[in-house]
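Engineer: Sequence:
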Amino acid sequence: MTSYNLASLLEDTARAYPERTAIVFGDTRLSYAQVDALSSQVANLLASRGVGHGDKVGLSCVNIPWFTVVYHGILKVGGTVVPLNVLLKGREVAYHLDDSDAKAYFCFQGTADLPIGAEGFAGFNEAEKCEHFFLITADPAAPSPIEGAETLGAALAGQAPTFESVATDEDDTAVILYTSGTTGRPKGAELRHRNMRDNALISRELFGADVDRPDTFLCVLPLFHSFGQTCIQNAGFAFGGTVVMLPRFEAGPALQLMLKESVTFFAGVPTMYWGLLNALDDTIDVAAIKANLRVAVAGGSALPVEVHKNFEKRFGVTILEGYGLSETSPVASFSPWGEPVRVGSIGRPIPGVEMELLQADSWTPVEWTPDAVGEIAIKGHNVMKGYYGRPEATAESISPDGWFRSGDLGRRDEDGYYYIVDRSKDMIIRGGFNVYPREIEELLITHPAVSLAAVIGVPHESHGEEVKAFVILEPGAEATPEELVAWGKEQMAAYKYPRIVEIVPSLPMTATGKILKRELS
1 MTSYNLASLL
11 EDTARAYPER
21 TAIVFGDTRL
31 SYAQVDALSS
41 QVANLLASRG
51 VGHGDKVGLS
61 CVNIPWFTVV
71 YHGILKVGGT
81 VVPLNVLLKG
91 REVAYHLDDS
101 DAKAYFCFQG
111 TADLPIGAEG
121 FAGFNEAEKC
131 EHFFLITADP
141 AAPSPIEGAE
151 TLGAALAGQA
161 PTFESVATDE
171 DDTAVILYTS
181 GTTGRPKGAE
191 LRHRNMRDNA
201 LISRELFGAD
211 VDRPDTFLCV
221 LPLFHSFGQT
231 CIQNAGFAFG
241 GTVVMLPRFE
251 AGPALQLMLK
261 ESVTFFAGVP
271 TMYWGLLNAL
281 DDTIDVAAIK
291 ANLRVAVAGG
301 SALPVEVHKN
311 FEKRFGVTIL
321 EGYGLSETSP
331 VASFSPWGEP
341 VRVGSIGRPI
351 PGVEMELLQA
361 DSWTPVEWTP
371 DAVGEIAIKG
381 HNVMKGYYGR
391 PEATAESISP
401 DGWFRSGDLG
411 RRDEDGYYYI
421 VDRSKDMIIR
431 GGFNVYPREI
441 EELLITHPAV
451 SLAAVIGVPH
461 ESHGEEVKAF
471 VILEPGAEAT
481 PEELVAWGKE
491 QMAAYKYPRI
501 VEIVPSLPMT
511 ATGKILKREL
521 S
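So the sequence shown is residues 1 to 521, counted in full-length UniProt numbering.
The hints are simulated quantities; they were obtained by calculation from the structure and are not laboratory data.
Accuracy of the hints is not assured; some may be wrong.
Computed list of lysine-lysine pairs in PhoX-like fashion (alpha-carbon distance at most 25 Å, straight line) [stated by the list, open to error]:
no., residue 1, residue 2
1, Lys425, Lys385
2, Lys496, Lys517
3, Lys309, Lys290
4, Lys129, Lys89
5, Lys379, Lys309
6, Lys517, Lys489
7, Lys514, Lys313
8, Lys290, Lys313
9, Lys260, Lys313
10, Lys514, Lys89
11, Lys517, Lys425
12, Lys313, Lys425
13, Lys514, Lys425
14, Lys290, Lys260
15, Lys517, Lys89
16, Lys89, Lys309
17, Lys496, Lys514
18, Lys129, Lys290
Construct all of the structure, not just a fragment, from the sequences and the given hints.
Structural biologist: Take a look at the structure:
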């Protein structure tokens with residue numbers, strides 16, 4: 001069996017640069033040697049409890065060093081990491097633990113505002129198959145705040161700081177990432193060691209990384225999500241970078257950390273970039289942040305062109321857009337560092353990956369023209385093994401020859417650059433015409449009073465669906481729904497412009513910063 005363990009990204013760097021800082025969290029600074037030793041203690045703990053090669057282990061934790069330590073400890077023992085969204089309630093935790101056949105579960109105690117531990121322990125007790133529960137406490141020496149829960153600090157006492165990682169095959173499952181479940185119950189995407197490892201190594205190259213001048217990454221993307229795992233944690237560790245952790249994205253604290261830690265690499269979803277721009281004031285030394293920032297990467301959802309242009313103007317860095325999904329480890333296409341950026345494009349397929357535009361409900365490619373729209377399909381080393389325990393869902397999403405249907409609509413220009421048009425499920429059909437919400441949103445935020453917009457379709461008696469826009473205004477700006485409807489009518493074709501506009505103070509978002517359109521109506 002070929003050893004292809006994803007944990008080797010940490011282990012190799014720990015051997016080469018043991019004293020280099022791996023993680024910064026508040027006043028805590030951990031070297032690569034320290035992170036590796038703590039991960040080995042976790043691996044020894046799991047092995048002592050009978051958890052080994054092929055066993056699934058759940059992990060609910062915000063962006064603190066323990067996420068990374070436990071993650072690599074699970075990998076070292078040959079297990080499969082099952083990272084869970086920290087916002088899940090007990091019943092949902094139980095579903096994920098049972099669905100993944102998890103044998104053990106690590107859960108951060110959380111805070112008064114986000115009691116992850118209480119919900120996690122409730123889910124563990126409700127789960128039918130999970131045998132071991134470890135509570136990650138803020139103070140490892142503190143007693144358990146939850147009766148009956150074993151703290152990780154107590155469990156690690158006496159565990160050796162060295163461990164010989166289990167040799168895994170490249171096709172063994174390293175991570176199971178659960179989809180959001182917008183179209184049904186969440187499904188677990190099985191990602192092989194080679195899926196995750198190759199994606200991290202290729203991302204490192206695409207970002208223009210230099211092992212002799214390692215980047216400092218600001219980690220505001222949730223590590224339970226593939227974007228944060230691959231592009232921050234795993235790619236960062238692959239060449240000895242420093243990961244500065246922030247448990248929850250808040251624009252002001254994020255900007256202060258960028259300044260304090262001389263951050264050179266920032267990755268985020270579009271709403272994070274929007275938040276950073278809106279948090280700028282006279283107290284923020286933008287020039288100092290600008291002097292250090294080398295790379296800015298966006299993904300997760302389509303980046304509005306206006307946000308892209310404004311960020312480049314204020315910070316002096318062009319945002320490199322990429323595209324991918326949990327099922328693709330996640331990066332499938334990217335606008336590589338050092339090449340001219342095409343604003344609005346998600347770049348070209350990464351090395352070793354192919355992309356195509358398919359006809360609806362068919363594996364047949366669309367006939368290409370610059371304006372042709374089709375569902376993006378992906379094939380290559382990054383595509384998942386399948387949905388865990390769901391062969392039918394896997395067969396629907398992956399063709400016999402390895403093409404994965406993304407559910408996203410896109411187009412391709414004559415140079416092979418791709419552009420997201422919209423989610424196929426978000427597309428509005430008004431009176432027989434296809435309306436793409438992203439196009440409307442892009443136009444709405446060019447209005448001087450509009451800061452952010454989300455567009456959905458709502459039922460209509462004669463048209464089938466009507467276009468509705470939810471709008472956040474710029475601070476101090478004034479505009480009425482009627483004015484925005486009238487402006488839209490002037491700017492867009494008759495079948496496109498929103499007939500209904502609702503001005504709102506905020507928009508519902510996921511833990512990763514994506515707008516939750518299913519909660520809008």
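Engineer: Against each hint, give a clear statement of whether it holds in the structure.
Structural biologist: These are the hints, each one checked on the structure:
no., hint, verdict
1, Lys425 / Lys385, "holds, 24 Å"
2, Lys496 / Lys517, "holds, 18 Å"
3, Lys309 / Lys290, "holds, 15 Å"
4, Lys129 / Lys89, "holds, 18 Å"
5, Lys379 / Lys309, "violated, 32 Å"
6, Lys517 / Lys489, "holds, 23 Å"
7, Lys514 / Lys313, "holds, 24 Å"
8, Lys290 / Lys313, "holds, 11 Å"
9, Lys260 / Lys313, "holds, 22 Å"
10, Lys514 / Lys89, "holds, 19 Å"
11, Lys517 / Lys425, "holds, 11 Å"
12, Lys313 / Lys425, "violated, 34 Å"
13, Lys514 / Lys425, "holds, 15 Å"
14, Lys290 / Lys260, "holds, 13 Å"
15, Lys517 / Lys89, "holds, 21 Å"
16, Lys89 / Lys309, "violated, 39 Å"
17, Lys496 / Lys514, "holds, 23 Å"
18, Lys129 / Lys290, "violated, 50 Å"
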